[in-house]
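Asker: Spelled out, the chains give:
2 protein chains.
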Amino acid sequence: MLSAQALDGLPEVAPGDDLGALIVASLRRIRLQSSHVVVIAHKVVSKAEGRIRDLAAIRPSTRATELAARLGKDPRLVEVILSESSEVLRAARGVLICVTHHGFVCANAGVDGSNVPGADRVLLLPEDPDRSARSLRQRLRELTGAAPAIVVTDSFGRAWRNGQCDVAIGCAGLQPLDDWRGRTDANGRVLKATVLAVADELAAAADLARAKDRSQPVVLISGAERFVSGEDGPGARALLRPERDDLFR
Amino acid sequence: MLSAQALDGLPEVAPGDDLGALIVASLRRIRLQSSHVVVIAHKVVSKAEGRIRDLAAIRPSTRATELAARLGKDPRLVEVILSESSEVLRAARGVLICVTHHGFVCANAGVDGSNVPGADRVLLLPEDPDRSARSLRQRLRELTGAAPAIVVTDSFGRAWRNGQCDVAIGCAGLQPLDDWRGRTDANGRVLKATVLAVADELAAAADLARAKDRSQPVVLISGAERFVSGEDGPGARALLRPERDDLFR
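As given, the protein sequences belong to chains V and F, one line each in that order. The numbers in the first sequence follow the working numbering, run straight up by one, and end at 249. The numbers in the second sequence follow the working numbering, run straight up by one, and end at 249.
Chain V on its own, in the form it takes in the complex (with noise of 0.2 angstroms):
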């Protein structure tokens, strides 16, 4: 049985903020254990760990007002999405596709203006969400004694499927991926290409546990333990396909 289960009471992040106490006092009657997984949206984290930009303070490149222009968007938005980008892979219909300088492909390269207190800021993603993984981990572990896996989240498009779906930008703690490969079915068939990537499927299931609104970025999973590791493991940079084996960029 898997369960997942939304926080509630977790105050308005700024950046500084200690997040593993914040989430420790949110947990309340909860007793927290090295099994379960936290997973939480990475604006609080972003926040926590001031990743906000001010566009008030942006001098938008030419090559940024050509393409807002071209977008119908901020020009001062699309430089700080140049900035947060490695590479465009396509922009059209108002849509700015990007590889993250972490190798995300994703909308806008992560930079969000909803969810941000202040008229003209909008958040970026963590500079390295696997790394804000470990720290919360160690974190937990100081203040409770049990180390839970951590998975930080984004919300992705999917270049064929309407509709955004939660996935894992890091974590720790967690074996991102459950290698089928070479194991065998229920009828003894040898599986060929069957890799599960539990780190997303962890960020899906937790979005579907949060409040109507949306106003609970941490989502505590139990019923996972099998995926939940001692070593913080390889992080989500392990979900990121190598660009020799993309066929879509």
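One or more hints might be untrue.
Output of the computed footprint for chain V on chain F, the stretches with three or more beta carbons under 8 angstroms from beta carbons of chain V [stated by the list, open to error]: (1) 1–9; (2) 16–23; (3) 66–73; (4) 93–104; (5) 204–210; (6) 217–226.
Partner residues aside, some chain F positions facing chain V, computed with beta carbon under 8 angstroms [to be verified]: (7) I52; (8) V88; (9) R90; (10) A159; (11) L177; (12) R181; (13) T194; (14) V195; (15) D200; (16) E201; (17) P234; (18) A238; (19) F248.
If you only want the chain F side, here are some residues facing chain V, beta carbon under 10 angstroms, derived [what the hints assert, rightly or not]: (20) I58; (21) S61; (22) S85; (23) L89; (24) F156; (25) R158; (26) P176; (27) D178; (28) D179; (29) W180; (30) R183; (31) L196; (32) A197; (33) D213; (34) R214.
For the record, the hints were derived by calculation from the structure and aren't laboratory data. The model shown is predicted, which means the values in this text are computed figures rather than measured ones. Beta carbons are placed, not taken as given, at the ideal position from N, Cα and C, and that holds for glycine.
Please build the complex by placing chain F on the supplied structure of chain V, with the hints as guidance.
Answerer: Only chain F this time, still in chain V's reference frame:
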């Protein structure tokens, strides 16, 4: 609180089997409710519907033979894949990315040789997985009086991420997309482009609840009632990005 529980005891399914009755038998002491979501791996749906091909009876076309040689695949398997496809998007590095007749973009048009008894037999996707979901919902209603939402799933790869996630290829009684556009975030800002692919997130959550050897095709989800609807709804067809909006075909 969202919870997902795999059902035990579903027997090997054969063409013509009454899948609804098999599911009801495997519920044992659980009382099915109209607020539940029944997530079911397409393999058992395809088997019940007889969507099985015997490779021994397939004569590959010239195109299938050429493609197979280039990709290192069985030409008879490639013939079946081509017969299930309206378009081949990529054929490289041993991988065949197809658009199925339903419009799904996935590897091998969903044709799969694992988990099928018999050496040379392969399984196709259901002909109309939304219709399969509606039929199963109706059958469960007849048998139990409850009409839960149904999600029929397959494991799909993703263009830029390693590993596969389960996604919805059919559904009934479910709002497959939760559209937040025009609603406001916690700071009163209008959300611009947030549409959650609820049906896909339910498929992913269910996959995590299966037994370690993945022999449990049916998973019961509770706590997702806000996405469940009395009417059958638009089905997983609503998740298909129209070709005119596709930047990566």
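Asker: Compare the structure with each hint and give your call.
Answerer: For each hint, the structure was consulted:
Note: the segment 1–9 of chain F has 5 residues with beta-carbon separation from chain V under 8 angstroms; the three-residue rule is met and the coverage holds. Chain V is given as covering the segment 16–23 of chain F, and this is violated because 0 residues of the stretch bring a CB closer than 8 angstroms to a CB of that chain, at least three being needed. Check result for the segment 66–73 of chain F against chain V: violated, 0 residues qualifying (beta carbon to beta carbon below 8 angstroms, three or more required). A stretch counts as covered by a chain when three or more of its residues have a beta carbon under 8 angstroms from one of that chain; for the segment 93–104 of chain F and chain V the count is 4, and the coverage holds.
Check on the segment 204–210 of chain F: 5 of its residues sit with their Cβ under 8 angstroms from a Cβ of chain V, so the three-residue criterion for coverage holds. Requiring three or more residues with a Cβ within less than 8 angstroms of a Cβ of chain V, the coverage given for the segment 217–226 of chain F holds, as 3 such residues are present. The beta carbon of F:I52 is not positioned within 8 angstroms of any beta carbon in chain V (closest approach about 13 angstroms), and the interface hint is therefore violated. Annotation: interface hint on F:V88 violated; nearest CB of chain V at approximately 12 angstroms, more than 8 angstroms.
Hint on F:R90 holds. Least Cβ distance to chain V is approximately 4 angstroms, under the 8 angstroms limit. Because the closest C-beta pair between F:A159 and chain V is about 4 angstroms apart, less than 8 angstroms, the hint holds. Taken as an interface hint, F:L177 checks out: its beta carbon lies about 5 angstroms from the nearest beta carbon of chain V, inside 8 angstroms. Given the 8 angstroms rule on beta carbons, the hint for F:R181 is violated: about 11 angstroms separates it from the nearest Cβ of chain V.
A cut of 8 angstroms between beta carbons decides the hint on F:T194: the least distance to chain V is about 7 angstroms, and the hint holds. Look at F:V195: its Cβ gets to within about 5 angstroms of chain V, closer than 8 angstroms, so that hint holds up. Checking F:D200 against chain V by beta carbon gives a least distance of about 5 angstroms; that is within 8 angstroms, so the hint holds. Interface hint status for F:E201: upheld, as the beta-carbon distance to the closest one in chain V is roughly 4 angstroms, under 8 angstroms.
Hint status for F:P234: violated, given a least beta-carbon distance of 11 angstroms to chain V, over 8 angstroms. Contact between F:A238 and chain V, as hinted, is supported at the beta carbon level, the nearest pair being about 7 angstroms apart and thus within 8 angstroms. Taking 8 angstroms as the C-beta cut-off, the interface hint given for F:F248 holds, the closest approach to chain V being about 4 angstroms. For the restraint placing F:I58 at the interface with chain V, the shortest Cβ-Cβ distance is roughly 19 angstroms, beyond the 10 angstroms limit, so the hint is violated.
Proximity of F:S61 to chain V is violated relative to the hint, the smallest CB-CB distance being about 24 angstroms (cut-off 10 angstroms). With a cut of 10 angstroms, the hint placing F:S85 at the interface with chain V is violated, because the nearest CB-to-CB distance is about 14 angstroms. Checking F:L89 against chain V: minimum C-beta separation of about 8 angstroms stays under 10 angstroms; hint holds. Taking 10 angstroms as the C-beta cut-off, the interface hint given for F:F156 holds, the closest approach to chain V being about 9 angstroms.
Proximity of F:R158 to chain V holds as hinted, the smallest CB-CB distance being about 7 angstroms (cut-off 10 angstroms). Taking 10 angstroms as the C-beta cut-off, the interface hint given for F:P176 holds, the closest approach to chain V being about 8 angstroms. The interface hint given for F:D178 holds, since its Cβ lies 8 angstroms from the closest Cβ of chain V, which is under the 10 angstroms cut-off. Below 10 angstroms, beta-carbon pairs count as interface contacts, and F:D179 has one with chain V at about 8 angstroms; its hint therefore holds.
A least Cβ separation of about 8 angstroms between F:W180 and chain V falls short of the 10 angstroms threshold, and the interface hint therefore holds. Interface restraint check for F:R183: the shortest CB-CB distance to chain V comes to about 8 angstroms, inside 10 angstroms, so the restraint holds. With a least beta-carbon distance of about 6 angstroms to chain V, the hint placing F:L196 at the interface is held under the 10 angstroms criterion. For F:A197, the suggested interface contact is upheld, since its CB lies about 3 angstroms from the closest CB of chain V, less than 10 angstroms.
At its closest, the beta carbon of F:D213 sits 7 angstroms from a beta carbon of chain V; the interface hint therefore holds under the 10 angstroms criterion. At a threshold of 10 angstroms, the smallest CB-CB gap from F:R214 to chain V is about 8 angstroms, leaving the interface hint in force.
Violated hints, listed in ascending order, are 2, 3, 7, 8, 12, 17, 20, 21, 22; each of the other numbered hints is respected by the structure.
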